[in-house]
Every structure is written in C-alpha cells, then in structure tokens.
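Novice: Listed below, chain by chain, are the residues.
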Amino acid sequence: MVMQADDQLRQLYQEVILDHSRSPRNFGKLEPHTHAAEGYNPLCGDQLELYLRIADDGRIEDVHFDGKGCAISRASASLMTEEIKGKTVGDARMLFERFHQAITSDPSASVDGRGLGKLVVLLGVREFPTRIKCATLAWHTLLQALDGGGTTSTEE
Amino acid sequence: MNSHSSVQTAYGVTSVRQQFPILQQTPYGKPLVYLDNAATTQKPQCVLDAMTEYYTTIHSNVHRGIHYLSERATAAFEHARDIVCRFIGAAGREEVVFTRGTTDSINLVAASWGGANLRAGDQIVLSTFEHHSNIVPWQLVAQRTGAELRIIPLESDGSFSLDRALDTITERTRIVAIAHVSNVLGLIVPVDAIIERAHEVGALVLLDGAQAIAHCGVDVQKLDCDFYVFSGHKVYGPTGIGVLYGKRAVLESMPPYQGGGDMIRRVTFERTTYNDLPYKFEAGTPPIAEAVGLGRALEFVQSIGIEQIEQWEGHLIEQCTQLLERIEGVRILGPRTDRAAVVSFVCEGVHPHDIATILDREGIALRAGHHCAQPLMDFFSIAASSRFSVAAYNTPEEIEYAVRALEQCLTLLR
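Residue numbers (the numbering used here), protein chains in the order written: chain A, 11 to 166; chain B, 21 to 434.
The following block holds chain A by itself, in its conformation from the complex (with noise of 0.2 Å):
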C-alpha cells in the first residue's frame, strides 16, 4: 500500500483509534442523566450529543456521547468518555486543560504525556491542523454540558 510509506498517516489513524471510531465506547444516549450539550462542527457538519450523569459529590457516574462524525471525532469522544467516567468535575476540566495544551502544540515539539492516559494516541492530528479540531469537539462540547449545556461549535 502506497499510503503506508506516510508516518504521520499512519500515526493518525493507529489502530487504537480506528478501534474507538469503529466501535465507540459508551455509545448511546444515557438516560437518566443531569447534564447534557450538542457540539457543532460547521465546517464539516458534524455533530455529537455528549450526556453526563454527575452525583451530588461531583463525580461523573457515567458519560455517553451520540451523533456523526469522523474517525478522528469519534475515537477522541469515546477515548474521552473512558477517561472522565469516575473522575470529579474538577480533574474532569484539569484533564482537558491539559489535553487541550498538548494537542494545540507545536508538532515538533515533544509533549509530556504524563497524565494524558489514553488520550496520548491523539497527539498525531497535531501534524495535521485542519483535523485539530475534530479531535477538540467532544472536549469543547464538555465544557459547555458542565457550564450550563446548550449548543457549542468548534472553529478553532
């Protein structure tokens, strides 16, 4: 295969995502739950509806997420509904403060995936800017079912 000879494109589309984009984790709408949010890509169309159930003690008991989009979008949606189910609001946000930083840094520079669990798979979309985005959706879409719900677009 020709398009084996490109690193970054193998890099890409590892076979841990193509598994997450091929078989989302917590897939589905989650009922009952306490927080929702859609998340909008206008560029490309996609959409993705993020459902959290939270305990009073801050905790996220369980996450689901729905919609259509890319392998990319997927597998980070599903990568991070594994990573946040169990942890509080708090690590929930510190996580993607993190995640966020690394994804948005300069590709040659080398990242500290110290904390970043699984999420380290993603850090291949930084070779390729028009995807960054894709991979921020599921993160963004987050942010706004925590603050509040409601529909957020990422054009970053």
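Don't take each hint at face value.
Interface residues of chain A toward chain B, partial, derived using beta-carbon atoms under 7 Å [as the list claims (entries may be wrong)]:
1. Asp16
2. Arg20
3. Ala46
4. Tyr50
5. Asp76
6. Ala81
7. Phe106
Calculated from the structure, these hints are not laboratory results.
All values derive from a computational prediction rather than experimental measurement.
Yeah, the Cβ is synthetic: ideal placement off N, Cα and C, and Gly gets one too.
Fit chain B to the given chain A structure using the hints.
Specialist: Just chain B now, kept in the frame of chain A:
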C-alpha cells in the same frame, strides 16, 4: 484505456496541462492531482501574464483620468467586458455588470430587484440543491418584504423531476432563482422549460451559473433568462471578479445597489443622478486587473473550445462514475445522466474528512464537507459527502489514480 487514448490524442490534454504551472507541483513527494475544481479552478500562465502585464505597464484608475495610463487601463477593462459579452451571448455590453463574484451578483439582484419588486405573499422559487449563496440573499429580502420561499423538491431517490419543478411555479411566483448546474450533484438543470413556465406566469429567472460557466456553453439570449451570474475564479480566471448579466430593460428598472464612485453622473447634497448601465451597478474602483484576467481566461476557454472541454470532462466523469460504482458501499449522489464535471459520493461507514486527509497525503485534492449546500445534505440525511470535480486539464490517469487511492483508503479505515 484505449478509448481514452483516442479521445486524449484528439483533445491534447498534455498541451492544456502544460499551461498550468501550479499543476507541476509534487506535494508530499507525489504528483498533484487536483480534483477540487468545483471549489475553484487553477489559472493558466496566460491569465497570470495578463494580470502581471496590466500592473507592469498600464495600471491606473478607470473612467477618470485624462492621462495615457488611465485611457489604456479603461480600454483594457472595457475590452474584458466585451469578451464576457460575446462569451455569454449577451445582446449588448451594457448588460454585463462586473461584480466581486457569484455571491455578490445574487445579493445585488436580491437587494435591488427584490427590494423594489417583492411584496408580502409573493413567492421566490428555489431548488433543494441550491448553494447557500443562492438561498441566504433571498431569505434576507423575504424577511424584509414578507415574500415567501418556495422550494422545488427532489424525488426520493435524489433525481430531479421537471414536472415537480414546473408545479412549484405558480401565479404568485415573482422570481425563480436556480442553479444552472448543481455544485454537488453535477446535475445540468433543464432550465429551458423552467424559464418558459416562469415567463408564462410573469416571473423572472436568475440562473446561478457558477458551476456551469466553465463546463457548458452558455447563451443568455437563447436561454432567455433574465439574470445570469457567475464567478471568474471558477472559469480559470482570478478571484474577486464576477459577472451579473441582466436583460437591459430589467437592469434599467432596478434601483442602484451600492452608492459610490463610478455609479453616479452628478452628485449634489440634495440629489444624485445615476450613471448609465452597466456603471449604475459598479460603485467604487472596480477590480481592474481581475477583469483583465477574466477576459483572458475566457479567451483561453475559447482557444480550446467549450464543446471540446465539455466532451472531455464528460468522459472523465463517466470513467470516474464507473470506477466508483465498482467499489462496495459507495453511493453516488444524484442522477446518473445529465451531469457536468462533478461526482459526489458517500462511503458506508467512512467519513468524508478522513478520506480527504488520507488522499491529501497521496497528492490528491478533493472536497469533503457539505459543499455549502446543507439543505441538500439534510435531504440525503447525511452530514457531508466527498466530491471529485474535474476541469479541462484533468486526465483519465488521474481519475484512475484517485479512485485507486480511495479504495486503499477505505480498506485502511473499514
């Protein structure tokens, strides 16, 4: 490939390609295969040269100075208008208004003609597959005037029914604004019958020719449309220049769109007298070098022959369609026949953006997304689609290479 070879020899695609310096590039070490021509076409050397020469030798403001440069710049600008006039078969040069592009032209008509003529209850007829540029300007004027949008539906299989189109036009219809060629489906709309019906009920017709101008012969007098609009950059010309053709009587009846220089004859603080056509609609210093470039681009098309281009692109699209049809899980959007230069498709289980990213690394430029036609995407219940669109310089080898890369990409992602 034998059938292609005979066509290829007669057409001479190699000499066409050689005129486009940008195509010689090798992104990511691969030959550039540019199949996003419906978004914008590349520019031949003669267009680049014409614009450089304009700036190098005669640039000045038009219709003003008495000096040498201004006279020459004005002559070059007006010569470009004459080329456009002949290219589209307009009755006279005063019917050719230079604008910034298709979008600007439609906004001009919607605001000026629509603002002066539409009343509450009047109908504006559009189709399901219109580009956002031929929807939103009409929505804006509808909101201001109380007119209503009426949409020509597609059949459930995505095909276009002329009967349904004709039924959508009623006694209350004041204007029909429709694409000559759909930028997503490639469908060549049977506009003759639509124009005839519209005129029967006393409505005007605006044809959005953005996707037609480089691919089909256009004769506005034969079509008998009231307005025809297109962009320079989709027909091998520069960005920032477009055309509004309007029948003289209609343009004369319309109020000015923007105020400024060039569109006036005499200004006092009490009253302004407007300039004659077409200058009444050309406020401000126009894009002069761009007009010169557009004129040269249309001459370039004429040097090959629009019928020859149409035939060549027809072969490429047919080849592309046949190759795509062989791939499992690929669905082509829209009709199988009556198409120009465009094939849009969806691949089961694979998102168009992933396809675009992977094919990009093979040097292939294709479009992924909603193609500025979200109502059409909604009709097909999809968020996005992929699109190959060809131009005069594409080859059967490029089509084969692109579809083979697509197959490999689908294997990787599925």
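Novice: The structure should be examined with respect to each hint, and the outcome stated for every one.
Specialist: Verification of the hints:
About 5 Å separates the beta-carbon of Asp16(A) from the nearest beta-carbon of chain B, less than 7 Å, and the hint is met. Annotation: interface hint on Arg20(A) violated; nearest CB of chain B at approximately 9 Å, more than 7 Å. A distance limit of 7 Å between C-beta atoms decides the matter here; for Ala46(A) the minimum to chain B is near 20 Å, and the interface restraint is violated. This hint is violated: Tyr50(A) has a C-beta 10 Å from the nearest C-beta of chain B, more than the 7 Å allowed.
The beta carbon of Asp76(A) comes no nearer than 13 Å to any beta carbon in chain B, farther than 7 Å, and the hint placing it at the interface is violated. At a threshold of 7 Å, the smallest CB-CB gap from Ala81(A) to chain B is about 5 Å, leaving the interface hint in force. Proximity of Phe106(A) to chain B is violated relative to the hint, the smallest CB-CB distance being about 23 Å (cut-off 7 Å).
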